[in-house]
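Novice: For this one, chain A is given, so just place chain B on it according to the hints.
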Amino acid sequence: MPIQTFGPSGPTVIGPAALLQAKAITKRFGATLALDALDLDIADGEFFALLGGSGSGKSTLLRIMAGFETPDSGRLLLDGADIAATPPWARPVNMMFQSYALFPHLSVADNVAYGLRRAGVAKAETGARVAAALAMVGLAGFDRRKPHQLSGGQRQRVALARSLVMRPRLLLLDEPLGALDAGLRERTGFELRALQRETGAAFVMVTHDQEEALALADRVAVLDGGRIAQRGAPRAIYERPASRFVARFLGAANVLEGRAADGAFDSAEAGATFTDIPAGTVALALRPERLRILPPGADEPNTAPGTVEDAAFRGDDTLLLIRMAGGALLRVAHAEEDGAPPERGAAVLVAWDADDVVPLAS
Amino acid sequence: MRRGHFVALAMGAGYVFLWLPIILLVAYAFSADRIPFQWGGFSLQWFVALAANERVVEAALLSLRIAAGAATLAVLLGGAAGWALARYGRFRGRAIFGALIGAPLVLPEVVTGLSLLLLFVALESMTGWPEGRGAFTVLLAHATLGAAFVAVVVQSRLAETDRSLEEAAMDLGATPFTAFRTVTLPLIAPALAAGWLLAFTLSLDDVVIASFVSGPQGTTLPMALFAMLRRGLTPEVNALGAVVVLGVGAMLAVAALLLRGRGDSR
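Chains A and B supply the protein sequences, listed in that same order. Numbers 1 to 362, taken from my numbering, label the letters of the first sequence in order. Numbers 1001 to 1266, taken from my numbering, label the letters of the second sequence in order.
Keep in mind that the hints are not guaranteed to be accurate.
Over 12 Å on every C-beta distance to chain A, these chain B residues come out as not near it, computed from the model [said to hold, decoys possible]:
1. 1034
2. 1069
3. 1091
4. 1126
5. 1163
6. 1234
Think about it this way: if two alpha-carbon atoms lie no more than 20 Å apart in a straight line, the pair counts; the simulated EDC-like pairs of lysine to aspartate or glutamate are [to be verified]:
7. A:146 <-> B:1162
8. A:146 <-> B:1160
9. A:23 <-> A:82
Just a sample of chain A residues kept apart from chain B, beta carbon distances all over 10 Å, derived [unchecked claim]:
10. 23
11. 88
12. 98
13. 107
14. 118
15. 122
16. 145
17. 189
18. 190
19. 299
20. 313
21. 338
What the hints contain is simulated information worked out from the structure, not anything from laboratory work. No residue lacks a Cβ here, since even glycine has one placed at the ideal position from N, Cα and C.
This is chain A alone, in the form it adopts within the complex:
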C-alpha cells in the first residue's frame, strides 16, 4: 500500500504559475531521440517524480534542468524566464548526483561549504549555514571526516546537505535512494519527504523504481520513449493507468487484450466479456490484488474459469498464476485473510468487481 500523499491531483498545476516549465523540449543523441517534444510543469514546493525505465529520457530531462545538456529545441522556463541556455553554475537549481559526487579531497564541512564559497558568502555565515545544514541531515559533528570515512547513507546525507545549503528553489535528485541498501531506503525516503516539507523547495526526483515514486512524490510522470505516458497523483495513476505501458510498469497489472464493441469488451484470451466499456478501448487492466478466487460453480456475475498453474507465498498474500480458459495467464494476489489458497492444478473461478476494470486506450 503506497504512503498517503498530498498535493494537486490532476495533470494541470493548480494555483500560481509553475516554478519550472518545460515546453516542447526535444533532444537527440545521434540517431536516438531522447526527448520528444516533451511538456512538463513543476509547481513551487511540490515533490515530483520522473519515473521510467532505462532509455526513457528521464535522466536526460534532469540533466537539461540542471544545465548539463542543452535541448535541441523547446523552452525551459524558470519563473517565466527562459534558462535553456544558462550554464549550470548560473542557475538557482541544484542537483544531487546518483554517485553523490562528494569531493574526495575535501572534508564533509568543506564539501558542504563549497557552493557558499563560490557564491562569496561571508565566512561567519558560511560556517553557520554549513553547521545548520549538517544538523538538518543528522550529521552534526561529522565536519572533519573525509567522504571515504563515511557509510553510504552518511554520504547520501552529505550530498543532500551540500545541495540544500544553497537554498535552491528546485532540487534535482538522480536516483536518490538507488545506491542505498533495502533497509535504509524506506527510512531515507521518509526523511527526504520531511526535508522537502521543511525547506519548501520543489524536489524533482528521477527513479526507475515505481514503489519509490509512488511513496515519495506528490505527482508522478511516467516516461516512455522520450514522452510522458501519463502524469498525475500516485493513487490516480496507479488505479487508473491510461495505457498498457503504464499499467504494466506500475504494479505489474494484468493486461487483457480483446475487442470493444457496442459498450462491451470481448476478451477471448480471458474467456470473458466485460460490460460498460467505452468505445476506443484496446485493452483492460486488472490489478492482481483486486481479483478474487471463487470455487468452481459459484453463482456470481463477473467471473471466468481457470486453473491454478503455480503459487508463490509472499508473506501477507500468495501470488497465484491462473491459466484462463482462453489461454491468458493472470496474476492474482490471494490475501491471507481469505483463507487457504487453492492447490496447484485446482479449477477455480476468477472474479472481479466491475469498478476495478480499467479500460486502456493505448
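Specialist: Just chain B now, with coordinates in the frame of chain A:
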C-alpha cells in the same frame, strides 16, 4: 612448500640477474684500489675526486637544469594531452592523436633522436630558430619524450576520477575553470607530480637522444660519463654511476609512492 621454494629461488635468480651488475658498480665505487673491480679497502676518495672534477660537476648541473625544464614542459604538454584524451570523448582524430602521443614510448631512441635532429636542422634553416644545438634542443627533445609518459599517467588517473565531480562543482556555482582548479587539479596532482618525476628521470638518464640533438655547450651528465668511459675505466666512473643510480632510484621510489597513494584518497 616446494612450489614456494621454487618461486623464491626464481625470484632470487631474477633479482641477482637484474641487480648484481648495479650492486657491483656501486660497491666498487667505495673501493680504495685504483684498478676498478679490485677491492682495496673502503674509501670515499673517488667521490671526492669526482666532486673536484669541474667538467663532471658542470655536466651534472646542466643535466639537472635540463631535466627540470624538460619535466615541467612535459607536464604542461602531456597533462593537456592526457586531459584531452580522457575528457573530450570521441573527437575527430582521437585514435591518431592517442597513437602519436604514445609513439615516443615505443619508438627506438635512435629514431626519435635522429628525427628530432633533422627537425631542428630543418627548422633552423627555414626560420633561424632554434639557433644551433645545445642544452635547449636537448630540453625540447626530452620534453617530447617525457610528455608521452605524463599523458599516459594523467589520462589513466582522470579515467578513474568520477566525471560527475566536475559537474557537481559547476552545479554548485563554479565556472569550468574554478571547477578544474578546486576539484580536478587537486585530484590529479599526484599523477602530475609522478609524471614530472618520471620525465625528470628520463631526461637525466638519456644519452642516445641527447647525443643526437646536443651541441658544443650541451654536454649532459650521461654524455660526460660516456666520454670518460671511452678514455678508460676508473673508479671515478663507478662513483659517478653510483651517484646517478641512487639519485634516479630515489626519484622513481617517490613517483611510485605518489601513484600508489591514489587509492587512499577516496
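Novice: None of the hints should be skipped; say for each whether it holds.
Specialist: Do the hints match the structure? See the list:
For residue 1034 (chain B), the shortest C-beta to C-beta distance to chain A comes to about 56 Å, beyond the 12 Å cut-off, and the non-interface label holds. With a cut of 12 Å on Cβ distances, residue 1069 (chain B) stays outside the contact zone with chain A, its closest approach being about 29 Å. The claim that residue 1091 (chain B) lies off the interface holds: its Cβ sits roughly 15 Å from the closest Cβ of chain A, which is beyond the 12 Å cut-off. No Cβ of chain A approaches the Cβ of residue 1126 (chain B) within 12 Å, the least distance being about 44 Å, so the stated non-interface status holds.
The Cβ of residue 1163 (chain B) does not lie farther than 12 Å from every Cβ of chain A; its closest approach is about 9 Å, which violates its non-interface assignment. Annotated as non-interface, residue 1234 (chain B) keeps its C-beta farther than 12 Å from every C-beta of chain A; the closest such distance is 51 Å. Taking the CA atoms of residue 146 (chain A) and residue 1162 (chain B), the gap is about 17 Å. The hint holds against a cut of 20 Å. Note on residue 146 (chain A) and residue 1160 (chain B): the hinted pairing holds, with a Cα-Cα distance of about 19 Å set against a maximum of 20 Å.
In summary, the hint linking residue 23 (chain A) to residue 82 (chain A) is supported, as the alpha carbons are separated by about 10 Å, within the 20 Å threshold. For residue 23 (chain A), the condition that its CB be more than 10 Å from all CB atoms of chain B holds, with the nearest at approximately 23 Å. Not every beta carbon of chain B lies more than 10 Å from that of residue 88 (chain A), the smallest distance being close to 5 Å; the non-interface claim is violated. Taking the minimum C-beta to C-beta distance to chain B, about 8 Å, the non-interface status of residue 98 (chain A) is violated against the 10 Å cut.
Look at residue 107 (chain A): its CB is around 13 Å from the nearest CB on chain B, clear of 10 Å, so calling it non-interface holds up. Taking the minimum C-beta to C-beta distance to chain B, about 4 Å, the non-interface status of residue 118 (chain A) is violated against the 10 Å cut. Every Cβ of chain B is farther than 10 Å from the Cβ of residue 122 (chain A); the closest lies at roughly 15 Å, confirming the non-interface assignment. Remark: the non-interface label on residue 145 (chain A) is consistent with the geometry, its nearest Cβ contact in chain B lying 13 Å away (cut-off 10 Å).
Listed as outside the interface, residue 189 (chain A) is consistent with that label: its C-beta sits roughly 23 Å from the nearest C-beta of chain B, beyond the 10 Å cut-off. For residue 190 (chain A), the requirement that its beta carbon stay farther than 10 Å from each beta carbon of chain B is met, with the minimum near 25 Å. Here residue 299 (chain A) stays apart from chain B, with its beta-carbon at least about 63 Å from theirs, past the 10 Å limit. Residue-level check passed: residue 313 (chain A) sits 42 Å from the nearest beta carbon of chain B, beyond 10 Å.
No beta-carbon of chain B is positioned within 10 Å of the beta-carbon of residue 338 (chain A); the least distance is around 49 Å.
In summary, the structure is inconsistent with hints 5, 11, 12 and 14 from the numbered list given earlier, while agreeing with the others.
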